[in-house]
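Asker: Keeping their order, the protein sequence lines are chains A and B.
For reference, each letter of the first sequence is one residue, going 1 to 438 in the numbering used here.
For reference, each letter of the second sequence is one residue, going 439 to 908 in the numbering used here.
In short, the hints are calculated from the structure, not lab data.
Don't be surprised by glycine CBs; every beta carbon is placed ideally from N, CA and C.
Some clues are possibly wrong.
[Stated by the list, open to error] To be clear about the criterion: a stretch of chain B counts as covered by chain A if any three or more of its residues have a C-beta under 8 Å from a C-beta of chain A, and this derived list gives those stretches:
#, segment
1, 507-516
2, 556-567
3, 825-835
4, 882-892
For reference, the chains in residue letters:
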Amino acid sequence: MVKDQEFLEKKASYCLGLAKKLGATDSSVVVKNSVSETVNFRNSKLDESNRSDNLGISITTYIGKKKSSISSSNLLNDNLNILIEKCVETTKNTPEDEFNSLPDKDLLAKEVRDLDLYDDSHIANDQKIDYLKKLEAAASNDKKIVNTESSFTQNKSNFVLANSEGFCDGYKTSSFTASSVTVAKNEKSMERDYEYSSKCFLKDLDDAEKLGNLAANQTIRKLNPKKIGSEKIAIIFDKRIAKGILSTFASAISSSAISRGTSFLKDKINQKIFSDKINVFDKPDMLKGLGSRNFDSEGVKTDTLKLVDKGILKHYLIDTYNGKKLNLKSNGRCGGTSNLYFENGNTCFKDLLNSDSKSLYITETIGHGNNIVTGDYSVGATGFLVENGEFKYPINEITIAGNFKDMFQNITLANDLEFKYATNSPTMLIEGMVVAGK
Amino acid sequence: MSNFFKKSDLSRKEAESIISDTLRKCDDGELYLENSKSESILLDDNKIKNSNYNSDLGFGFRAISDEVVAYSHSNEISKNSLKQSSENLKSTLKSAKGTYNHEIPKSNKKYYDNINPIEQKSLNEKIRILNDVNDYLRSKGDKVKQVTANFLGEQKSVEIIRCGGETLSDVRPLIRFNVSVMLEKNGRKETGVYGVGGRQSYDSYLKDENWKSVCDEALRIASVNLESKPAPAGEMKVVLGPGWPAILIHEAVGHGLEGDFNRKKTSAFHNLMGQKVASEGVTIIDDGTIDNRRGSLTIDDEGTPTEKTVLIENGILKNFMQDRLNARLMKTRSTGSGRRENYRHIVLPRMRNTMMLSGKQTKEEMIKAVDKGIFAVSFGGGQVDITSGKFVFNCTEAYEIVNGKIGSPIKGATLIGDGPSILKEVSMVGNDMMMDPGIGTCGKAGQGVPVGVAQPSILIDKMTVGGTKL
């Protein structure tokens, strides 16, 4: 069982009290507990069971404008006494930074709504096994599938965030996640792909057979890939890759990248950075949302933000420290975005495939080729060649490259948005990228 | 050394009896105890942004029956908590009927000293060096727009208690010092990153103002990139410099030679044992026994002493890297490659220091042999799809080669290749093998572990360069 609010609050207030006694002028503390249980299957047999019980505490102490922090997994008071003493001592020896402070009191979240983020139901390992048996049966139905690895995880978490301004709140969250990774093989090639479902509520999780079938089909269709020549071409990003482009956008508008001057979107506020039709939202109060929250990691209230309006950048993602540096108020984005998404475009998926007589549909990228300082983008990719709206054959061992400044201006979105992750995008078309192959 | 039972209601004797009772009918397993202390001090944007200290304590209890692994971990080292874990393991492995394998090799060798690097240098002195780094780099001219530097230090004590009470332990120091600098010229911004580290005290790397050479290298890379032009797109010849570019070896063949993927036959290498997978002259080893290196370990996280494992010898595939589980199922022995990020994670076969050994040619000969291609000197990270064998890595410093001569610097680009065939495209192996500076972290199944790489300069006849210039 995950620890209750009372236990976490008691630990938090003990730490705040001790920090004050030892000379901290301000302090904040987060106490967290998460318990997760996982069962893994491989080739229709039990492979691994894993139970994990994680306790953690992190404390930040301030003395005027000096700041330092500690964290630990050992919550015994004996240990906390030593650590907090060390933290206060380190704080004294750390140079001042004029922007260090707790959040402005009037920005702290006052009411905490129930966003339906916790499901009390418990799925025992035997029931997880039943689900995985069905999933693996579906996934291994086709003889071309030579290996299946599937997993079911139940996670229950609870936390309390408290600070010396009197803020003290927290809530439970839950998640149920099933995934399947399959390997398909024939004489010529061996390929891997996956499917995945994660929900706050057990009853909302995808059907096991559906998940297994999707994983298998997505893998089999990748067999016998070809390498194509280098050329300028339109790229269509599958939803699971398109969301990554949105995440890169989010890191480029974080107030820390902006205040440090290390983002290609610095000084672009109120300027047109996307094509006219693009709107981007960050909506923290979605019921059962995978990224939903009542306040950010500093306790600041979070409102829905329309980050991009008709292509124009309207907000940075601001926390207290970098906000003060930029002379802006925190908008509750310490720790990043919540439920971030591109609003649907007005093209259906089929028409998007038909936009160009020839394009590449990308289902997976590898490598860390996003440079948010310059906006340069270059990653390895696998996918399919699309001609006249039809998937022709699978492609691999290619790279795709461009610069986000141009790519953002050339985005067309389909109307097939769904909320499968915390960050979501409809299928995305970008004209004029460069493919390197043969 | 940590005494894990000192402040617990659980005595060592009681723990041993719970362990033996749980593992009696299993094939393998152990209680893994870990206590780590780590610090991070960050200078950024002219200020000390962060000083953080972390202390982590916990255990992971593992039981294995045939192919099935049961694992349970907790932060609380107590009688209750260990008993609960034991119940969890037993319920998964109800029908276990194995014989516990008590055999574990022994060695007295140690590859680093029992020190706590965090305590060896005062906070004030670390802050002073970071400020000196900032001042030094910012004195290099107006084009320096941002400087980030940080210290990361750690001491990790581990103890492994096996069925019957056999105990193995290790204390592992680790440090890293990184510098990143951003330059701006005519509205164009570029960064350069460099770092050093390993399993010694901070001073082993930074004394005598050695930190200046780290700053100079970061600054040099950033300056080169300020002048870079768009990278070419397409297949061409690639010369890799010595040292850190060996992450090519790590991604292209290293992961594919880890035991688990080959037991499961999901690696592109699983049916190539004894066959030619690389050009003649290519020898690759994975070595956990080099003194003070980032990827070295006295014992692995199952208690097996590490070793120098020959993976590819003169082009022929010789060995996979094994932990105890995969070794048993593949009827071979552990190579001391069983590693985990910490007590929260299960053991997997992992790399340590992966190295391609020197050949006879010189870098100059390689460059001369290229009509049109690139010379890649420094890299960011890489990634591999072990099933299809396709891998990538990102250049952070590279030049074009035209008619046997090094030309202009080119922008960062991703290079992509095919693991099982890339080493057959190696046509020259240099005589200048070099270790990386000690900064690598390898990710697998959500677990990061410190690793090292090394290689001489090599010439690859055909690789796809992911630039934008057609």
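Asker: Looking at the structure, which of the earlier hints fail to hold?
Answerer: 4
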